[in-house]
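S.K.: So you can see what is in the structure, the chains are spelled out below.
There are 2 protein chains.
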Amino acid sequence: MITIEEALRIIDEEGKVIGTERVELTDALNKVLAEDIYSKDTLPPFNKSAMDGYAIKFRDTECCQCGNEIELYVKALVRAGDYYEGTLNSKEAIKIMTGAPVPNGSDAVIQIEKVKENGNKVIISDYIKENTNIIKMGEEIKSGELALEKGKIIRPTEIGFLASLGYSKVVIQKSPKVALITTGDELLDITASLEKGKIRNSNEYSLMALCKNSQVDFISLGVVCDDKEALKKKILKGLKEADIVITSGGVSAGDFDFVENVLEEIGAKINFTSVAIKPGKPVTFATIDNKLFFGLPGNPLSVITTFEEFVKPAIKKMKGYKEVYEEKMLVTAGNDFKAKKDRRKFIYVNIINKGGKYYAYDLGSQCSNHLMTMSKANGIIIMPEGVNKITKGEVVNGRFIFK
Amino acid sequence: MITIEEALRIIDEEGKVIGTERVELTDALNKVLAEDIYSKDTLPPFNKSAMDGYAIKFRDTECCQCGNEIELYVKALVRAGDYYEGTLNSKEAIKIMTGAPVPNGSDAVIQIEKVKENGNKVIISDYIKENTNIIKMGEEIKSGELALEKGKIIRPTEIGFLASLGYSKVVIQKSPKVALITTGDELLDITASLEKGKIRNSNEYSLMALCKNSQVDFISLGVVCDDKEALKKKILKGLKEADIVITSGGVSAGDFDFVENVLEEIGAKINFTSVAIKPGKPVTFATIDNKLFFGLPGNPLSVITTFEEFVKPAIKKMKGYKEVYEEKMLVTAGNDFKAKKDRRKFIYVNIINKGGKYYAYDLGSQCSNHLMTMSKANGIIIMPEGVNKITKGEVVNGRFIFK
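Chains as they are written, first to last, in the UniProt record's numbering: chain A, 1 to 403; chain B, 1 to 403.
The following block holds chain A by itself, in its conformation from the complex (with noise of 0.2 Å):
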């Protein structure tokens, strides 16, 4: 039985990115951008409008801090899209649009709210200093600058920044595809009437809607008897088709758990069989041509648990992705929390912020095979190893799950 940390410390080691590909700029979100993005463009390409009002010059208002209206004469109209070719002279003003390109000879455009219009004069009282409004060209970024540097997670300002651009395809980080085996004679269709020792098949249902969340391609590859040729059957089809494999079930101490016995025989590298988790210790982790393997326990509540803590982080470090954990927040037990002295317990809780503050409370039975409780919860608290209780008080680490 190895720790949490050792074994996300193997898992990091393991898991690699899996390769670039030039996609679609609207199939990038989320993803992690494979290439430098520099800008072929000076944006704003031309000094600009940041406002609806008059092109002027700022001098003619001068007089207008001592209490003086001025008139300047209108000549001519520039809307966004449009350009004027001429130049604005003194006692001259420009009506322009946002985002339209300011006039040679202008230095400040002044809010329409700000003034009064009068046929083809405009009367202004403000004092209006120089560059109002005026959003100066090259401002956001100049040709041949460094716009977006590789590694940075695409999310919609960058979608937009990239569009902005006139990148309509970059190269991005290729997602692992997930392939999902569930094991156990156990187990009965979603749609089955229960029979004497059989359960209905919920992991399956668990890990694709965990998958999905995570935003990865997955096939499942159904239910699997306890069965070792069976199941290595099933193991060796999910590494052909998939960067990662997960299974559900079938690494106890039991006598028809034959994940670790497959994975001997088709020479996979084990890393470890045992974590100091609850719920969730017997998992395993393998590697195999640098595919991933994640032998998940078949408890309900473990098998959410550990994909959570263990598959997650190893799919965004395959995405690219730097950060891949899950951040931790100060939590205050709001009561008594009590559970066994050895491994690191994860209690599902439902937390309340109280004024900025974190406070859990208790939801019930912690069992492994309930997701009863789990359906309450919004987050967790981490009880460590060789603890066996928190007291009402006590603050400890936690987080939200599922945000």
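Some hints could be false.
If chains are identical, the list can't say which one is meant, so a pair holds when it fits in one copy or spans any two.
Pairs of lysine to aspartate or glutamate, EDC-like flavour, derived with a Cα cap of 20 Å [said to hold, decoys possible]:
#1 LYS403 <-> GLU326
#2 LYS340 <-> GLU130
#3 LYS357 <-> GLU326
#4 LYS291 <-> GLU13
#5 LYS376 <-> ASP36
#6 LYS357 <-> GLU394
Keep in mind that the hints were calculated from the coordinates and are not lab data.
Got chain A sorted already, so can you dock chain B onto it with the hints?
M.R.: Using the frame of chain A, we list chain B on its own:
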């Protein structure tokens, strides 16, 4: 100009759920449950072993308290999915796998790691309490009990739980469909070279990405030039095909900002046209036939900010979510921040977690034309109305973006 709170109150009042639909369980992820789910079964449906080990009578181990070893006859093996017909007697053990039904007569399971196996005998030296490693029938839920309440968000946990309860289909709240319209004569196609007075269309791409992250279906009706009739046609098309229509641009005070005009002509109820937020003041919100219309500003930073602040809560509300606002947290200013006094300022910053405390650092120009600064930011801090400075060390409200 109204406050952000007032704007959000109006949006919240106007946004309503749009009906329910019955979908496959796998399509229900992150949707809101629109029916109460009762358990048709008692779960677990039998007393179940939590471990691989031996089902025994706990009283047989009583003498182990004095340091004695006992030897029990192993009369059968029960694998998961199977069951044992007979009854366990004193001095007998039945080998049992995790998840298998505990045989009649047995009241405890001892873990395989704690025994010595010797042919058809098992040797035990630990005292085991009654019910050890037995998950009691009905411990999770009993037949007829409420399992999940209407209004719950369906996360991976709930997907697994619903599968275990035998629900292959569930009734959920429908998601609204969004139509996007980008306005402006100045907009060039993303692949075009820049021409005098023109910029590339980036807002359409930002909005598509924002919708994708909000997990709603959307259609983009493309770019419409600054022409009232053309805009009207597009808006009517959007209202016909979608539940929410979003335009970007055309909502300032300029001569070619026709959004308000069109809304009046088609008989929409215009709720507000301006909000005290920076970036993003000119935000129009209207309603017509239970559909929502958002006229967002044309500046790239403003369009993203106002989508996140105003449109996202409306989408969540229509999806049936109860918590529709992003949670804020306390952030300490890592340096001074200055801005104009009037509106509430959303300042894009770099938030760093130092020992559980968040610090915000300046990233440069907050000009609403620029996506460059926002592309470096991971969060915002909020400078209230009437305030023009945040001093280093001051604690203010903030949050991460795109988390």
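S.K.: Could you run down the list of hints and mark each one as holding or not?
M.R.: Here is what the structure says about each hint:
no. : hint              : verdict
1   : LYS403 <-> GLU326 : both (10 Å within a copy, 11 Å between copies)
2   : LYS340 <-> GLU130 : between (71 Å within a copy, 17 Å between copies)
3   : LYS357 <-> GLU326 : both (19 Å within a copy, 16 Å between copies)
4   : LYS291 <-> GLU13  : within (12 Å within a copy, 51 Å between copies)
5   : LYS376 <-> ASP36  : between (44 Å within a copy, 14 Å between copies)
6   : LYS357 <-> GLU394 : both (13 Å within a copy, 18 Å between copies)
Hint compliance for this structure: no hint is broken.
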